[in-house]
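**Student:** Chains A and B are the protein sequences, given in the same order. Sequential numbering from 135 applies to the first sequence in my numbering. Sequential numbering from 100 applies to the second sequence in my numbering.
Derived by calculation from the structure, the hints in this document are not laboratory data. One or more hints might be untrue.
[Said to hold, decoys possible] Straight-line Cα separation of at most 20 Å, SDA-like style, residue types lysine to any residue; simulated pairs:
{"no.": "1", "chain 1": "B", "residue 1": "179", "chain 2": "A", "residue 2": "198"}
{"no.": "2", "chain 1": "A", "residue 1": "215", "chain 2": "B", "residue 2": "440"}
{"no.": "3", "chain 1": "B", "residue 1": "200", "chain 2": "B", "residue 2": "106"}
{"no.": "4", "chain 1": "B", "residue 1": "440", "chain 2": "B", "residue 2": "200"}
{"no.": "5", "chain 1": "B", "residue 1": "127", "chain 2": "B", "residue 2": "111"}
{"no.": "6", "chain 1": "B", "residue 1": "392", "chain 2": "A", "residue 2": "198"}
{"no.": "7", "chain 1": "B", "residue 1": "440", "chain 2": "A", "residue 2": "198"}
{"no.": "8", "chain 1": "A", "residue 1": "197", "chain 2": "B", "residue 2": "439"}
Spelled out, the chains give:
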Amino acid sequence: MSLVKYFNIHDTIKFKLEYNKSLSHILLGNPFNKYSYYEVDSEPKEIDFIVKIEKPCFQPPVKYYQAAGKNCYGYNYIFVKNDSYKLINWQFLLRGFENKKDVIEASVWGDTLSIRWIPSAMIDFLIHYTAVASGSCIIHSSGISYNNKGYFFSSRSGGGKTKTALEFMKTDKNSLFLSDNYLLLNEGMLNNFIASMSVYKYNIPPELEEKIGMDGKLRLLMGELITKLTAGKLRVATLVSFGDLLPEKISKKIPITKGFILFPSLNSCDVIIEKINREAFVNYLTENQKCEFLPINKHILNYSYFFTENSLEKHWDVYRQNLEMNLINVDLFKVTIPIRFDHNLLIEKMVRVINE
Amino acid sequence: MSDNIYYYNIHNILKIKMRTNSKHALFKNFNFPLSPFKCETLDDVDICLNIGSFEPSLSKNNTISVDYNFYAGDDYLYIKDFEGRLGRFSWEAEFLGLNSKELTINFNSKIPLFHKLVFPDLMPQVILLRPLLYYMFAQKNASFLHSAGVCKKGRACILAGRNGSFKSSILMDLIKHHSWSSNSDENIIISNEGDVLNFPFFYPLFDYMVENLDYEDFPVLEKIKFTLSLLNEKNKCDLTSINGKLDTILILHRTNSSKISFNKIDDKNLAVRKLVLNNICEWYNPESLTGVKSGRMYEYMSMFSFVYPQFNIDSMWKAQKEILNNIVSRTKVYEVEIPLKYNHEIAEKINDFLW
């Protein structure tokens, strides 16, 4: 049974998703519920991209190049047949990405576990890519509205994005949640990005744990069991959505006031908060964002080898420009945090900076 | 228990020291793919690869944790990684001195028994050492390329191309039927003076292919025969089979055209860009022999770039770009379109074109 869903993220990113329900969705949760906060009933006008979860069918373009196995690269066309990157074994077809006016089409397929990576490996990339084309940008950050001002906390995974955002919310009952992982920056505003969060038994915040229900709790336990059985190599996250659990605590958008990038340090003994210039900050955020899309980047590089002038590669320059535009007049800080540090003390220090 | 130490001197440009605690390898030639460059001893090595358990020097450097499995510090990167669903292969590694003249790599792994017996030390050499050679040679004013090289009467040519662009097949034909010489079908070095230098890696494999196969396709039976042939060690790799100035660069594209065609690339920047991208793509490329299905160097360096954006991936390739600019400016470069199916006529046409 094929499901067709439409999503509209702040009128900036509009897409269509087609997939079949499978047993693993029941057991481990449906990975495509990630975007359900932005689901709309009818097809939005001017859709940016369509993702179909199906075996891609190779319809050869007039001219194409073959490289690395049976992967085909034609202008505006990438067909990848059986590629693996770490835990992902996937195949996909991507086309229509060269011209802004075109609707990007992607067909993606993989084994049961790989399909669970498709939202982060392909859909998130397309969201990011179309955001750049529309003059905005996605950043890898959590964000909150605190005293009616927007703050964001960027880091790589394990850097404490989610935790910092949630801790902040505890200190002020009126603060609102924007995101735990991605944010959409547009015209100097932080726009929320409510996707399901990947949580594990050890890091789920208590206020969410009490709301996730029986099946959520079971999945948490199962995830923990798998992690233990594989000695920590395989992390099966449980997906929970802040949007479903605490809908009244969400802010839609808010002007960007201050931005932080968090670095968990092994050696420093104290929290160091230093103001850094916009250029340095933009560099950190850009490199952070690039790290998010490593599996597809492999094919962007191969594509760029054949088609040296292309939008896929060039979009990183535009990304940087968009980011710079959005961060004019924003105070930006680099925060070095000792790895084992009392989070309350960190928040205390950061509140001081925020109130300055 | 003493460690075995091996020294490799690559054309007096790059010097490598490898230390390992493994005692036995069933296929020595495969365990030590750099063996043609082996020498007794060396001072001032550029790269030091230590294989075996090590104590990570996390606390000495100003280290930042990234994505749970990486620690990046000043001039320092520690990695924990694995392959396979249940992590059949797992390894940890650290790089010391990524920005300095001497690079040290420490590596320790858990691999299945089969791999341990057959080639216990191969993995770090193909997943860490070789990818870094692109960068390390550039520091020495030489260019290391993902290309095949051939030579005839002092005139050397380079065939660059992504995997599957028939570099090896063409090379085999050029050697067998058109009296070119080579033993480097994967990588090649160009010195600052424009000399093309051999870089045989797993040379018994290419040797065997030239002697016994028609194309680069390896049927199962031949794989078995090849494996058996590895048991008798022979050392006859000629490091001077390519000995000449760079004359022509061919960039091979495998495409759905019906016949081979040659197009001159006048835009030298474009040529350099293609050569560099061809190398960068190799950072992602699998080395299936070791059981690792995807190249990780791009990921490792991306994580390092996040902590130190001034040392980003673009800057790592900048030195190579400059060297190539210099080389390409005095060389003819052609883009060669090759049909999807290989036949011997292709090599014939390439020979006619080059000679």
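**Student:** None of the hints should be skipped; say for each whether it holds.
**Tutor:** How the hints compare with the structure:
1. B:179 to A:198: violated, 38 Å
2. A:215 to B:440: The given pair, whose Cα atoms are some 18 Å apart, holds under the 20 Å limit.
3. B:200 to B:106: With a Cα-Cα distance of about 18 Å, the restraint between residue 200 (chain B) and residue 106 (chain B) holds, given a limit of 20 Å.
4. B:440 to B:200: violated, 45 Å
5. B:127 to B:111: With a Cα-Cα distance of about 24 Å, the restraint between residue 127 (chain B) and residue 111 (chain B) is violated, given a limit of 20 Å.
6. B:392 to A:198: Given that 20 Å is the threshold and the Cα spacing comes to 25 Å, the pair is violated.
7. B:440 to A:198: holds, 14 Å
8. A:197 to B:439: holds, 12 Å
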